[in-house]
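J.: Modelling step: build the complete structure from the supplied sequences, incorporating the hints.
As given, the protein sequences belong to chains A and B, one line each in that order.
Under our numbering, the first sequence has 253 at position 253, and the numbering climbs by one with no breaks.
Under our numbering, the second sequence has 117 at position 117, and the numbering climbs by one with no breaks.
Simulated from the structure, these hints should not be mistaken for laboratory data.
A couple of the hints might just be wrong.
Claimed, not checked - Quick list of simulated restraints, FRET-style, between CB atoms:
(1) 8(B) with 129(A): 46 to 54 Å
(2) 272(A) with 168(B): 57 to 65 Å
(3) 29(A) with 120(B): 48 to 56 Å
(4) 151(A) with 112(B): 42 to 50 Å
(5) 9(A) with 168(B): 26 to 34 Å
(6) 180(A) with 69(B): 27 to 35 Å
(7) 63(B) with 272(A): 52 to 60 Å
(8) 243(B) with 109(A): 46 to 54 Å
(9) 110(A) with 76(B): 14 to 22 Å
(10) 120(B) with 271(A): 39 to 47 Å
(11) 76(B) with 11(A): 57 to 65 Å
(12) 223(A) with 76(B): 40 to 48 Å
(13) 29(A) with 243(B): 30 to 38 Å
(14) 71(B) with 119(A): 53 to 61 Å
Claimed, not checked - Residues from chain B that face chain A, not an exhaustive set, calculated with beta carbons under 8 Å:
(15) 52
(16) 83
(17) 102
We put the CB at the ideal spot given by N, CA and C, even for glycine.
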Amino acid sequence: MTVPPRTISPTAWTPSPAQRERAAYRRRQTVLSVLTAAVSTAAVGTLLVFAVTGAPGWQRVRESFLDPRIARDALPEVLTGLWLNVRLLVCCAAGALLLGLLIAVLRTLRGPVFFPVRALAAGYTYTFRGLPLIIVLYLLTLGVPGLRLQGMPPVLVLGGLALVLTYGGYLAEVFRAGIESVHPSQLAAARSLGLTYRQTMRHVVLPQAVRRVAPPLLNDVVALQKDVGLVSLAGPIDAVRAAQIATAESFNYTPYIVAGVLFVLLAIPLIAVTDQVTLRAARRQSGG
Amino acid sequence: MALLRCQGLRKVFAGHVVLDQLDLTVAEHQVVALIGASGSGKSTLLRCVNLLEELDDGTIELDGEEISDPRVDPDRVRRRIGMVFQSYNLFPHLSVLENITLAPRRVHRRARAEAEAQARDLLDRVGLGAKADAYPDRLSGGQQQRVAIVRALANNPRLLLLDEVTSALDPELVGEVLTMIRDLKAEGMTMVLATHEMSFARDVADQVCFLDGGRVVETGPPEQVLGSPTQPRTRQFLARIIEAGRL
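T.: If you want it as structure tokens, here you go:
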């Protein structure tokens with residue numbers, strides 16, 4: 001069963017006058033659009049600069065928010081704090097992704113035997129998506145140690161646990177959406193090959209589901225990156241808390257700007273990866 | 001001896017009776033073609049045989065074992081039955097080779113090298129050896145369907161169920177799939193196929209069953225059922241098919 005090779009080769013092509021005219025018109029339009037964009041961007045930018053630097057309070061704002069000397073002094077402490085953010089982010093993101101995946105899979109189990117498991121998993125996502133993160137943090141970092149149990153983990157671990165629990169709830173719903181987006185015919189095909197439910201999940205459903213929801217998952221990780229700093233409410237010093245301390249010492253807000261810039265720099269690679277993954281997913285969906 | 005014996009099958013979807021006291025017997029090495037209008041129960045019958053649907057009544061026996069017994073492990077039954085779907089249902093995240101070796105490796109616990117060698121051999125035989133490492137979205141419909149058939153064959157099934165496997169294909173691609181099924185018949189594969197291709201049913205089937213309203217209305221050799229049907233409903237159906245230029 002072989003297909004005969006194509007014998008017709010395409011004819012030599014020179015663009016027709018109509019096509020040349022169209023190409024020229026499109027080129028003119030492109031040049032015009034680029035010029036318009038450049039001019040309007042420059043105009044808005046100039047206006048903004050004048051509006052801010054020309055404001056009556058600009059001098060004072062610049063001194064209290066953009067003091068290079070204070071920025072230099074605060075940098076080491078803020079960086080030390082940021083290192084805590086990074087470590088927490090890595091651990092909490094891994095933990096929340098695992099927990100979310102587990103909860104999502106539990107929620108898809110069918111049959112009356114699994115009713116308690118399903119109900120528990122559903123109850124978890126409802127509770128922790130509704131509960132403000134700060135309250136979860138206080139409950140775990142102040143309430144749980146108050147029990148004075150033996151072998152109580154340090155406050156940092158409890159704070160991380162609060163983040164994992166809260167974000168796990170969101171990520172579980174994202175994973176579940178992905179699992180439900182896999183067409184039933186894929187399950188039928190897998191089961192018809194003799195794969196068990198577990199094997200079908202592991203080899204057919206989850207790989208497709210995770211690929212599809214990778215962009216929103218990463219988006220939640222970017223959000224988590226900012227929220228990990230909230231553990232400082234319980235004591236540990238993260239970048240924002242370090243900036244707050246430095247601010248209190250110098251009566252100047254510049255350390256906050258330092259922390260803010262560092263946070264953005266930290267987020268850029270993660271956001272870039274998210275965009276890349278989103279783009280790839282979109283290309284795949286359009287049939288590549 | 002009968003390889004597959006269905007007796008008194010009944011299946012109801014939301015008050016609608018899809019299979020109604022349906023009987024069907026398929027001998028080993030036999031090819032049975034199910035014909036009938038859309039909604040006559042062809043696909044549902046195939047899905048019930050593969051235990052993808054739960055029966056509302058009746059029994060199904062495979063090799064003398066009652067597989068419709070709820071105590072029977074459906075995964076163990078499905079290993080012995082291959083199924084090919086109208087929409088191919090290849091796994092889009094796996095290459096052709098991975099699609100084919102998934103069940104041999106995970107279900108039959110065969111070594112990767114062994115499973116891949118068998119898959120490559122099967123692919124070569126249907127002229128798709130060069131596509132082993134391609135992903136399904138790079139293949140034409142006919143190629144995808146042939147891979148789907150190979151995937152079902154890699155389990156060495158006793159019985160192959162084909163659910164309108166050419167219905168989603170461009171006319172020019174139907175031939176390559178039908179040729180493959182014809183070759184399978186020559187090798188002695190037992191098959192039950194739901195089809196709209198009457199000329200193919202006439203050509204390849206040992207027995208044609210005309211389904212209407214969830215029952216087998218008429219059954220027999222193709223030349224009898226398609227050539228000189230005795231039942232008025234069969235005649236009506238075939239007249240419509242001829243009118244549409246499909247016979």
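J.: Hints numbered earlier in the text: which of these fail when held up against the supplied structure?
T.: Hints 2, 13, 14 not satisfied by this model.
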